[in-house]
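Throw the hints in and build the complete structure from the sequences for me.
Protein chains: 2
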Amino acid sequence: MQEKKIPYKIYLEESEMPDSWYNLRADMKNKPAPLINPGTGKPLTAEELSPIFCEELVAQELDDTTPFIKIPDEILSFYRMYRPSPLVRAYCLEKKLQTPAKIYYKFEGNNTSGSHKLNSAIAQAYYAQKQGLKGVTTETGAGQWGTALSMACSYFDLDLKVFMVKVSYEQKPFRREVMRTYGASVVPSPSETTEIGKKILAEHPGTTGSLGCAISEAVEVATKNPGYRYVLGSVLNQVLLHQSVIGLETKAALDKYGIKPDVIIGCAGGGSNLGGLIAPFMGEKLKGTADYRIVAVEPASCPSFTRGTFAYDFCDTGMICPLAKMYTLGSSFIPSANHAGGLRFHGMSTILSQLYHDGYMEAVSVEQTSVFEAAEQFARIEGILPAPESSHAIRVAIDEALKCKETGEEKTIVFGLTGTGYFDLVAYEQYNDGVMTDTIPTDEDIAASIAKLPKVE
Amino acid sequence: MQEKKIPYKIYLEESEMPDSWYNLRADMKNKPAPLINPGTGKPLTAEELSPIFCEELVAQELDDTTPFIKIPDEILSFYRMYRPSPLVRAYCLEKKLQTPAKIYYKFEGNNTSGSHKLNSAIAQAYYAQKQGLKGVTTETGAGQWGTALSMACSYFDLDLKVFMVKVSYEQKPFRREVMRTYGASVVPSPSETTEIGKKILAEHPGTTGSLGCAISEAVEVATKNPGYRYVLGSVLNQVLLHQSVIGLETKAALDKYGIKPDVIIGCAGGGSNLGGLIAPFMGEKLKGTADYRIVAVEPASCPSFTRGTFAYDFCDTGMICPLAKMYTLGSSFIPSANHAGGLRFHGMSTILSQLYHDGYMEAVSVEQTSVFEAAEQFARIEGILPAPESSHAIRVAIDEALKCKETGEEKTIVFGLTGTGYFDLVAYEQYNDGVMTDTIPTDEDIAASIAKLPKVE
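Going down the list, the protein sequences come from chains G and Z. Our numbering puts the last residue of the first sequence at 449; the count rises by one with no breaks. Our numbering puts the last residue of the second sequence at 449; the count rises by one with no breaks.
Any given hint might turn out to be false.
Stated by the list, open to error - Simulated pairs of lysine-lysine, BS3-like, Cα-Cα distance not exceeding 25 Å: (1) G:LYS(-3) / Z:LYS248; (2) G:LYS1 / Z:LYS(-3); (3) Z:LYS248 / G:LYS248; (4) G:LYS(-4) / Z:LYS248; (5) Z:LYS(-3) / G:LYS62; (6) G:LYS23 / G:LYS279; (7) G:LYS(-4) / Z:LYS1; (8) G:LYS248 / G:LYS(-4); (9) Z:LYS248 / G:LYS122.
For the record, the hints were derived by calculation from the structure and aren't laboratory data. The structure displayed is predicted, hence computed values, not measured ones.
Below, the structure written as structure tokens:
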């Protein structure tokens, strides 16, 4: 292909945007293991899932054979308000690093939710509305997912109840206020509005809540109120399906300029961004039509890929959700309190876990002070103040570019910049004040929570 | 021209971006009146201005004859990191309003500073670096300008001292933290670091500061320290010049699709955004080659166009800056304390004042509760959480679209969406809680401050 001048930002035309999501599972020989009902010990059926999730989303969750699933027009209309997201050539960063590497990042932060979460939120809200539901419930910790879902529900006139971990509710009043502006009702969790909330408050009067507890409250409200379902922003197969729009756009933009990446880097918590970003590239790798290095970056304080084990485990700390076969630190593992930002999940998407297990991906863990160092460097050079989560990928992209500087290799590096850090300034303040610390779990910590894994087969 | 399908977002190609700023003054028959030195009563000379401002910026400030000024490559490189900004067709808003009007907005919020201020900040930082300066000083109130300038100075390795009005410094710690992340030193004003600050603190020990005082401190530091100059983010001719990039891109995007706007709407505080947005359209209007309705929207609590007088006045409440001939409420006018967001300036750009005086523009004032009502409606439909300032323009754009619904006219409405409201959530919270109020100054209030205008000629 003829070489074209590559602009700072590659924007696809609207007509070049993907009109289907890509279901990577269809091209996997070793399919991800099914979710298991902890009560029966058997794979969950559509019937068992449909009181909790919307019907169409249940179908997407279980479908591991259809490679492309058409994006409904109503979702495409919404996507067009904030997508395509730019694929940015980091010319200024390359110059500053004096690296021969070519660095690109797919920037998902140009929307009010501030992250890629909106890609799945709008899809889940659409299917809920299509099913004639009144509303949905969810939990949120840091608030990215809650914000995205509040935007999506407001667009489709759906009621939304968000259970926000109490400590975040109090410490992040602005996140809460964005959700309220979009019409969501935001309840600090644990709350007196649910049976499980009342029980927890009675047992632990001063608790500031946890994601596990917020999930339990959201599921209770969804299953007890006719016309409601529960929705989740990461880990699930359906979420990775919706997020494939990130990777499809990235690949289309690269193809347009005849660029083939050598390394693709993404941060990984539950896997929603990484799974979406790499989907079409991994598809080619699975089919043997192309090869790429694919690198998952996780926090050293919550290293499920690099120090976890591949086994069935509960998806939530409350142990009320299904069992999934994944890389996990054990559902009782809690990252150190000094851990800033997201990527705190003890497990990992079953799709990514299977691929990592089969050797199709690498993983690396990084400490948060070095992550914030990269974040600040990136902000000062490329202008964008990145989310702490996204900055894990920045750290490794810079490290790879610096390796190229040593070796002289002109590698093409692509990484996912999942979002902005406008609501994470407490963490930036800690870093600016020099009081941010790192904590790496000991082998004993991890062994202790892994020892509590449920027994399956 | 053949009609093309208009996408949700029109992005210019990099090659279609303007490479010169447009100096509207060159095409004005009645030039804006010159700045006057309050000491001598005579027009300010380049010599008098150069201890305060960079040389090249002084030249731009005084140049009212050169129509196009080339944008230096270094600035173009930075522009390409966050520009072109999208011109968005508000299809979803049109549908919700059921209006035959076609609504477009030029969205300047897709950068970390969150507003159009970056367009001038990067230019001013560039000229400071080119002159070999060590750094610059400025003041900031709400923090948009300070944030933009901190990004610009970090890019050009310039030192930056920001005097931030103390009440904002304390109430907006996150804005402060963004500036620190970009390496700026942020000082609450009044401070013990300047003579004027010490004097004010001695006289008013409990003061929470004011913009006027912060300006005085910034100017003092700039003039007393070799290698420093003072920079300002609005009102000045040079700022409107740099902001013309907004209007030039808007016009290029519209021309590309053969669209001719009927009405162009922008919010107006000091005039930086409005002056930039309308520049090329006003240029055509002045030459008689096209006609447009051009509407300035100002807050009812600070209505300089609609209720001020056209006269020479101080640009700052501290009365240390030059005199400018402009629409003004009097430099002693202070908007009611319940006023949220920016657009609090008592005066208006001399360029826009002259044009308004000569009948080339309309102006309208709106109350803040109706502004936040429009902001919320816009956020829920178009996804973007707008800045309170920008929402003044949204209010009037929606009103115009609703008029079209009544009359059946298919007008094309273009408005400037200057930025995002991510750091304005205290104001949104007041609105969400139903405790936001409106205050309109009485005729007596305005007459009292206008009575204190300086005597010139």
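Of all the hints given earlier, name the ones this structure violates by number, lowest first.
Structure breaks hint 9 only.
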